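> Taken in sequence, the protein lines are chains A and B. Mind the numbering: the first sequence is residues 1 to 248 in full-length UniProt numbering, read in order. Mind the numbering: the second sequence is residues 1 to 271 in full-length UniProt numbering, read in order.
For the record, the hints were derived by calculation from the structure and aren't laboratory data. Only a predicted model underlies this, so the values are computations on that prediction, with no experimental measurement involved. Just so it is clear, CB atoms sit at the ideal spot from N, CA and C, and this is done for glycine as well. Incorrect hints may appear among the rest.
[Said to hold, decoys possible] Now the stretches of chain B that chain A is said to cover, found in silico as 3 or more residues with beta-carbon under 8 Å:
hint: 1; segment: 95 to 102
hint: 2; segment: 212 to 223
hint: 3; segment: 238 to 246
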Amino acid sequence: MIDGLLPGLVAALKPLGLNYAFALDASERAAFVRGLGITLQLCLLTIPGSLLAGVAIAAALTSGRPWLAQPARAFVEVTRNTPTLVQLYCAFLVLNMLITQQLRPLGGANPLTPFVWVVIVVSLHKGVFHAEALRAGIEAVPRITLEAARSLGFSQRQLLARVELPLAVRFALPSLVNNLIDLVKMTAVASAIAVGDVTYESIMIWTQRDNVLELLLLILLYFGLLTWLVSLAGRWLEERWRMPGYGQ
Amino acid sequence: MASELTLNPATTADPADAASPWRSPWVLTALCVAAVVAFWTATGSTPVVFAHLWKWLPVMLRGLLVNIEISVLAMALGTLVGLLIGALSLSPSKALRTVTRWYVQAFRNAPILVLIYFTTYVFPFEIQLVSWTFPFPDWIKVVLGLALPASANVAEIFRGAIQSIPSAQWEAAQSLAFRRREIFRLIVLPQCVRRMLPPWMNLYASITMSTSLASLVGVHDVVDTAQIASNTVARTDFTILVYFTLLTLFFAYCYPIARATRVLERRHDRF
Chain A
1 MIDGLLPGLV AALKPLGLNY AFALDASERA AFVRGLGITL QLCLLTIPGS LLAGVAIAAA
61 LTSGRPWLAQ PARAFVEVTR NTPTLVQLYC AFLVLNMLIT QQLRPLGGAN PLTPFVWVVI
121 VVSLHKGVFH AEALRAGIEA VPRITLEAAR SLGFSQRQLL ARVELPLAVR FALPSLVNNL
181 IDLVKMTAVA SAIAVGDVTY ESIMIWTQRD NVLELLLLIL LYFGLLTWLV SLAGRWLEER
241 WRMPGYGQ
Chain B
1 MASELTLNPA TTADPADAAS PWRSPWVLTA LCVAAVVAFW TATGSTPVVF AHLWKWLPVM
61 LRGLLVNIEI SVLAMALGTL VGLLIGALSL SPSKALRTVT RWYVQAFRNA PILVLIYFTT
121 YVFPFEIQLV SWTFPFPDWI KVVLGLALPA SANVAEIFRG AIQSIPSAQW EAAQSLAFRR
181 REIFRLIVLP QCVRRMLPPW MNLYASITMS TSLASLVGVH DVVDTAQIAS NTVARTDFTI
241 LVYFTLLTLF FAYCYPIARA TRVLERRHDR F
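Here chain A stands alone, though its shape is the one from the complex (with noise of 0.2 Å):
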């Protein structure tokens, strides 16, 4: 089907302007696709693992032991203030090689791909953000709120799983989905150390044909598509979800 469909459509798209011959190049054609692949892998690990590093460091900013809070504030407040970029070259150029020199003499080679890394960076990065909005969900659960359940007979951990916890991960919803968008976005640096997702392979792509525009209009409809998606899963969560008594 392929075949009858895609020589129609770039022939369609020619009079326009937008040259899409690269489409019916077996070869470019696959490596699109696989950096299509490579960047929905990407928002795929990194969702979950940012969620999980915002819990974590959320966790630890609100566990009232400074040992803990401290370096979790300070850590957050570095990568807030810094630039993903920036991080992503602290972690693989630096770190990375670090690691293979250490690893070097032991006669093993480093298991971190520059894959792995953008999926560590970048979780950690947006968890950063998560945990801000998770920490302000905690902050805004109505003190009366949880001494009424206290005085209801809840344990500690009943008030933590029943009341607290449901209370605050919807109230930080909105932002989480927000910073989640973001993230998706945020993949796109990937292609600064080569992994090839979309925006690298396009890059290949069109440094032998020259047909930026064309691959960019194909990038940002992909990224437009991967957002919307992000956000209509949000919306059907907030739906899902909803209190009475809060929000129309």
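Using the hints, position chain B against chain A.
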């Protein structure tokens, strides 16, 4: 190392710590750094890495200046366009509102890196006007690439601020015989400016951090300089040092902005 010296003048002026400057961690760090540097220069035992860093630091700071210039220009342009688009998004015409919503959606949901590639590679490298040819350098294209998402975000910030003013104020002002233009200029706008300032500063910090992406399209910014330095010196310990200096430089510029934003936000909470 020495970059921390440049970090401190900006942050020690924290009013909260003004009462006891000796207990501020920033002052203590600065003193320790100064003491170590003085000891090294006095005894002539400066480690080779730091000597290299000292040599490269002026070049890196010049690179950082390029980043700051790009961020300031992009933010200025983005704010102008954004305010215009934000105002149009409140217009009574439905067609205008739809167009502005599409603009905002498109540029808020596009990765900034992709927008920078877009402006860098799609625009020509020089512009022909009648018989003159103007060069169109890459860094201006990066400014344009960053101004696009900035304008979309400013438009949203502006719209949010206008809509956060209770409509009862419009009615009350109307009953006091203010004209529509006067209400906007004397009552709504001053409150909006106050509400817009913290998110606008956040946006500025995030645009500044995004200027690091300029290195990927060949602009000689601080990230590019760090890479050149690391490749030229080619020492493992220098590579570590230079990348963490890079991190420190950005932190030193963006963290005070973040602190100031938080102070402003807290002050507005009281009103």
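> Going through the earlier hints one by one, which of them does the structure break, listed in rising order?
1
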